[in-house]
Each structure stands twice: as C-alpha cells, then as structure tokens.
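Just so you know, the protein sequences line up as chains A and B, in that order.
If you read the first sequence in the numbering used here, its first letter stands for residue 1, the second for the next number, and so on.
If you read the second sequence in the numbering used here, its first letter stands for residue 1, the second for the next number, and so on.
No wet-lab data here; the hints were simulated from the structure.
Since this is a predicted model, take the numbers as computed values, not measurements.
Warning: the hint list may mix true and false statements.
[Said to hold, decoys possible] So, partial list: chain A residues that the calculated Cβ filter (under 10 Å) puts toward chain B:
no., residue
1, Met41
2, Leu45
3, Gln99
4, Tyr100
From the three backbone atoms N, C-alpha and C, an ideal C-beta is built for every residue, glycine too.
Chain by chain, the residues:
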Amino acid sequence: NAGVTQTPKFRVLKTGQSMTLLCAQDMNHEYMYWYRQDPGMGLRLIHYSVGEGTTAKGEVPDGYNVSRLKKQNFLLGLESAAPSQTSVYFCASSAPETQYFGPGTRLLVL
Amino acid sequence: QKEVEQDPGPLSVPEGAIVSLNCTYSNSAFQYFMWYRQYSRKGPELLMYTYSSGNKEDGRFTAQVDKSSKYISLFIRDSQPSDSATYLCASTDSWGKLQFGAGTQVVVTP
Chain A
1 NAGVTQTPKF
11 RVLKTGQSMT
21 LLCAQDMNHE
31 YMYWYRQDPG
41 MGLRLIHYSV
51 GEGTTAKGEV
61 PDGYNVSRLK
71 KQNFLLGLES
81 AAPSQTSVYF
91 CASSAPETQY
101 FGPGTRLLVL
Chain B
1 QKEVEQDPGP
11 LSVPEGAIVS
21 LNCTYSNSAF
31 QYFMWYRQYS
41 RKGPELLMYT
51 YSSGNKEDGR
61 FTAQVDKSSK
71 YISLFIRDSQ
81 PSDSATYLCA
91 STDSWGKLQF
101 GAGTQVVVTP
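Chain A extracted, bound-state conformation (with noise of 0.2 Å):
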C-alpha cells in the first residue's frame, strides 16, 4: 500500500516548456486535489476532481489543466511554463475526515 504517489520528484523546465505531473493513488478514493504550496502562501488549491471522468476549478487555476481518466490516477499539465509556476506541488486524496498528501514535486522554472 503506497498510498499517494507523485512523478517526478524534481524537474526544470525553461519558459514555454510543457509538463505533466502525475499523480496515484491507491487507496480507492474518489476525491483527488492538486495544491501549490509557496512561501507564505500555504496551500492553494489548483484543480480538484471529485470522481472519474470528473474535475473542477480551485483557487489558481489559470496556467494549469487536469485529467482524472482512471480513478486511480490524477495528472495536472503546464501547457506553457511561467517563471510563476516555480512552486512545489501536492497532490491528496481523500477519505471522510482527511486528506492523504504525495511527497511533492519540485518544479523550477527558468
């Protein structure tokens, strides 16, 4: 039981690049959340996906786009990279009473 993983764990990426960051989980819950945590900003939530085949906008979301095709799986994707997107990222899952975190991604952009 892994729990929620995230891939990759660090990338670079220069202006205008695009990524996909992938996120599992495999604890069967149909709620998954992608988070960026700034300094000072905590945790703000980008996109949010309440089941399969199902995603909804979070607080910042401009920049960014997500897909939930397997319940298992949550990707969010940069189509085109900003310097403001440098932050790490967290993906969760969730069960009633609380949300079970990914070990980040790292995302420099240059």
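Using the hints provided, position chain B relative to the given structure of chain A.
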C-alpha cells in the same frame, strides 16, 4: 483575504515547553477543522481532526475549536526536537475543498 489566517512564525521553544498554535477563520459555514504537520521537503500529514466546537486530545496534542470566536488552537505538551516542523491548520464546510492557513514553523531547541 484568506479564509483561514495563521501566523507564519517561526515559533521557537525550548524542549519540554508547551507549544501553542492558533488560527482564525472567517467562514461561519466551516465545521470541520484540522491540523497538519509538515516536515521539511515532505508532504503534510494529518495530526488532528475536530468536528464543530470543542476539544480533542491525542497523546501530547490537544486541538480546540471555538466557533463563537472563529478560533482554532493546537497545543503540544512536553515538546520534543522531533516536533520541529511546520504546522498547518485547515477548515472546510463539507468534505472536499479544504482552506489552509499559511502554516507556522515551529523550532524546538534541545
């Protein structure tokens, strides 16, 4: 203005002291309140969860919620150097989208 406000610290205490952390929130609909602990370069992990007002104790940790004043507290007794971490409060009105505070960095010195 964020719906959950939290002093970022850092908060430095000597080993064995009581750590007192608090947050305020603005949304009267919030009824679930959580504290997460996050070690450096790790994902957040759930420490305590409280529904509505009241106290909850788990070992050295006590969580308090006062809905009349919209105040959330976490107390850590007999603090240890291993308690050094960032502590994030979070709230929501229904399971799904959590609103996080910015996190308070705690340093327990031997």
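(Q) Tell me the hint numbers this structure goes against, listed in increasing order. (A) none
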